[in-house]
Amino acid sequence: MNYKQIKKLLYNSGDAFLPDNIKQKLTYDIIGSHKKTFYISGWSIIHFINGIIFGYLYFYLHYDKKYYIINLFILHTIWEFWQIIIGMSRPYSLSGRSNIIDTIVDTILFMIGAVITKTFI
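Count the sequence shown with my numbering and you get residues 1 to 121, in order.
Hints in this document: simulated from the structure, not taken from any laboratory.
Every residue, glycine too, gets a C-beta built ideally from N, C-alpha and C.
Honestly, I wouldn't trust all of these hints.
DSS-like mimics (lysine-lysine), calculated; alpha carbons at most 27 Å apart, straight line [what the hints assert, rightly or not]:
(1) LYS8 with LYS65
(2) LYS23 with LYS65
(3) LYS23 with LYS7
Ranges of calculated distance between the beta carbons of each label pair, as one might list FRET restraints [stated by the list, open to error]:
(4) LEU10 with LYS65: 30 to 40 Å
(5) TYR60 with LYS4: 33 to 43 Å
(6) LYS7 with ILE100: 16 to 26 Å
Go ahead and model the full structure; you've got the sequences and the hints to work with.
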């Protein structure tokens, strides 16, 4: 593998190697606009759903319930940093080139999903 192939492979890992037509649909803004201000896109909904799924898996695999919230927060934070490193995270226009708002919103939605799972299990 050459450098360009490795770079493409790493970049594609940020969206779990989804087909382009699905990736395209997930980029649509549901609330707001990524070109102007705050936004929620299909990817935001994916973060919420993943919070539910990973929360369920956490309990299913019998990890320590005492550290549930902090462990899932750390897991998602690592994921967000990975997306920034590979250039997958889109900055909000409010924050210029910074990805901080995108990271915070994605983390909040993931954690809401995780809390919902904890509430019902």
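Now the hints, each set against the structure:
no.: 1; hint: LYS8 with LYS65; result: violated, 37 Å
no.: 2; hint: LYS23 with LYS65; result: violated, 34 Å
no.: 3; hint: LYS23 with LYS7; result: holds, 18 Å
no.: 4; hint: LEU10 with LYS65: 30 to 40 Å; result: holds, 34 Å
no.: 5; hint: TYR60 with LYS4: 33 to 43 Å; result: holds, 39 Å
no.: 6; hint: LYS7 with ILE100: 16 to 26 Å; result: holds, 24 Å
Against the hints set out earlier in the document, violations occur for numbers 1, 2.
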